[in-house]
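Generate the whole structure from the sequences, applying the supplied hints.
2 protein chains.
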Amino acid sequence: MTTEKSTAEDFDPSPGASEKYDVTVLRLGHRLVRDERISTHVGLVSRAFGAKRLILTGADDHTVDSLRRLSTRWGGGFQAEYVKNWRDFVRHWQGTSVHLTMYGEDLRNGIDRLKKDKARKILVVIGAEKVPKEIYTLVDLNIAVGNQPHSEVAALAVFLDRLFMGEELYTTFGNARLRVKPSLRGKKVEFVKNEN
Amino acid sequence: MTTEKSTAEDFDPSPGASEKYDVTVLRLGHRLVRDERISTHVGLVSRAFGAKRLILTGADDHTVDSLRRLSTRWGGGFQAEYVKNWRDFVRHWQGTSVHLTMYGEDLRNGIDRLKKDKARKILVVIGAEKVPKEIYTLVDLNIAVGNQPHSEVAALAVFLDRLFMGEELYTTFGNARLRVKPSLRGKKVEFVKNEN
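First to last, the protein sequences are chains A and B. Counting in our numbering, the first sequence runs from 1 upward without gaps. Counting in our numbering, the second sequence runs from 1 upward without gaps.
Accuracy of the hints is not assured; some may be wrong.
Since the list gives no way to pick one copy over another, a pair counts as held whenever it fits inside one copy or between any two copies.
DSS-like mimics (lysine-lysine), calculated; alpha carbons at most 27 angstroms apart, straight line [said to hold, decoys possible]:
#1 121 x 193
#2 181 x 130
#3 133 x 188
#4 20 x 115
#5 133 x 181
These are calculated hints, taken from the structure and not from any lab test. Predicted model only: the values in this text are computed from it and were never measured.
This is how it looks when you write it as structure tokens:
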């Protein structure tokens, strides 16, 4: 399955932050089992921080299914799918492509550049421990969320938080079955029925 | 090994963000193998985003060793260790304790409160998928980095990024053997010799 033919119109965007940018996250280097939990974190962060879609490479496993089940419970139009050929996917991207890496240019400069260039449809590429060298030249921008080794999950979250200027945390996810009631002590969840 | 007797004076803080707050991260629910990679991400994020120390619970494995090796290469005084009794550790914490959870109060309010209260020594508690209920009442504050399910790695990074107002990404890590030279294309790393 490839997704080059998908367009932004296929999505049911959640109102809020995701209106400002149409963000797709491409996770490279996903291998079976070993990376499943990290990829799940990447998917959850993508959704919670305002991205519309996660693209995984490699063979199918439980990650896509579990993200879909979660979206049904917690709402919103987030999509998760696989592509076989990530090189073609990046090459044919109609928009701006950004690779998050500890070796790139400063985060503040990178975000400023995206805003100055009025980027709207953004592909955020994140790797696992090792990424193919060619990704550095395939993308438009290499952006570093700090120059210390840390985590693609963290890099993605902080990048999106800066891009959306914190607004992504206040997004309403439509058609949710569950919703949290913020509280000082303990867990409060409400069950949403017949929202429409 | 318990660390209740450790004090801030035991650390060699990296100059920069970590001067403003003395942050220790406590990772609950670390179990063998299954959580090793996530715990490593938590540790790397703690270090890269200005915390001084990671405390893991549960049995010993490779996580602490790999974090120590990394700190030797990339510099700074970050510490990682185990405690057996995390309840006592939280109860006896001399400072402010914060639990990051999707069920807590709004992040902005929480950070404002920490600043208003002039919190200086902060324990940041993060769980795995499930946390013991009592943690909600053991800590001073439950703070939600958004109310959607995502990742403790992301929650920690965004919390620290907001707390340090982005300055943590510009911390200099002393006695590093390796240092990244930010660049628009590709990987540039310099080897640091005889820094002292």
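Could you check the structure against the hints above and give me the numbers of any it violates, in ascending order?
-> 1
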